[in-house]
Amino acid sequence: MENAQHTHIVKYKTFVVVLLLLLVFTFSSVAITQYDLGVYSVTAALIFACLKSILVLMYFMHLKFDKKFYTIMMAGIVLLIVSVITITFLDYLYR
Amino acid sequence: MIMTDHAHIDEHRDDEGAKTGMWIFIFTELLLFGGLFIVYSIYRYLNPMAFHLAAEELDIFIGTANTVILLVSSMTIAMAVTSIQLKNKRLTLILMGITVCLALAFMVNKYFEWSGKISHGIFPGSEILHQSSQGEILFFGLYYAMTGLHALHIIIGVAFIAYVMWLVKTEDVKHDDYVILENSALYWHLVDLIWIFLFPLFYLIT
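Keeping their order, the protein sequence lines are chains A and B. Sequence positions in the first sequence follow this note's numbering and run 1 to 95. Sequence positions in the second sequence follow this note's numbering and run 1 to 206.
Same shape as in the complex, but just chain A (with noise of 0.2 Å):
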């Protein structure tokens, strides 16, 4: 009963399909950076940072398959260094 969460055993298979889409998104990132594209660059290189942190976070560092618990605590810091960034953005963009 104690250790009802450990019982999930991720397969090995899921662990490279995950490493795959991580490489392809490296990459892509790494091609969408040699054009200039100006901002859309900079957003473009950290849309795949974010998508490949969501990987890492759900499956490598099992997110997924353990407790709701620890997922909501992990969007919780997520949301908050997104606030202080946009309140610190805000400031130095309207001051």
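None of these hints come from the bench; they were simulated from the model. Keep in mind that this is a model prediction, so the values were computed, not measured. Each hint should be verified, as a subset may be incorrect.
[To be verified] DSS-like cross-link-like pairs, simulated, lysine-lysine; straight-line CA separation at most 25 Å: (1) A:K13 / B:K87; (2) A:K64 / B:K174; (3) B:K87 / A:K11; (4) B:K174 / A:K67.
Mind docking chain B on chain A? Use the hints.
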């Protein structure tokens, strides 16, 4: 004799608590690097041209190679958790060994990258940087501070994983008691997670 047997039966173990503690530690690390990312983005916003010129100096090839190395090592340590659950001690040790080797490869790359920069006279307090613009000094200051702090985490991660390898070898970590292996894996994924953002910010966005 009876006393020690009794103590053994009553051994306290709280895997859920250990893992929650690790996650809370990871959150503090994310906030630490989050703060540095804010500093970086504000200075980039204030000095766009200097940051553009300075970022061109970095080698995208080395950056990409190190990204691939870290992603693969993240997969191997994740697989190590699966293999200890499947009671495969030998494979667990091999996968952890690969992770450590990849981490060392990352550090070797970092060594060549940094020593290349330093031999070109680009390091905090150097003559060449003193003659550069304020923005370039800021870029390389942040580059050395943030990738350096990240590299420190790699070294700590290698030591942590090597310690857990020893525990796996001595059967102190096994298929029904492996939370410390899970925690070392979580730490290693954190190192990977930070690099996922460091890489585009320093190497890709120019």
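Quick check: which numbered hints come out false for this structure? none
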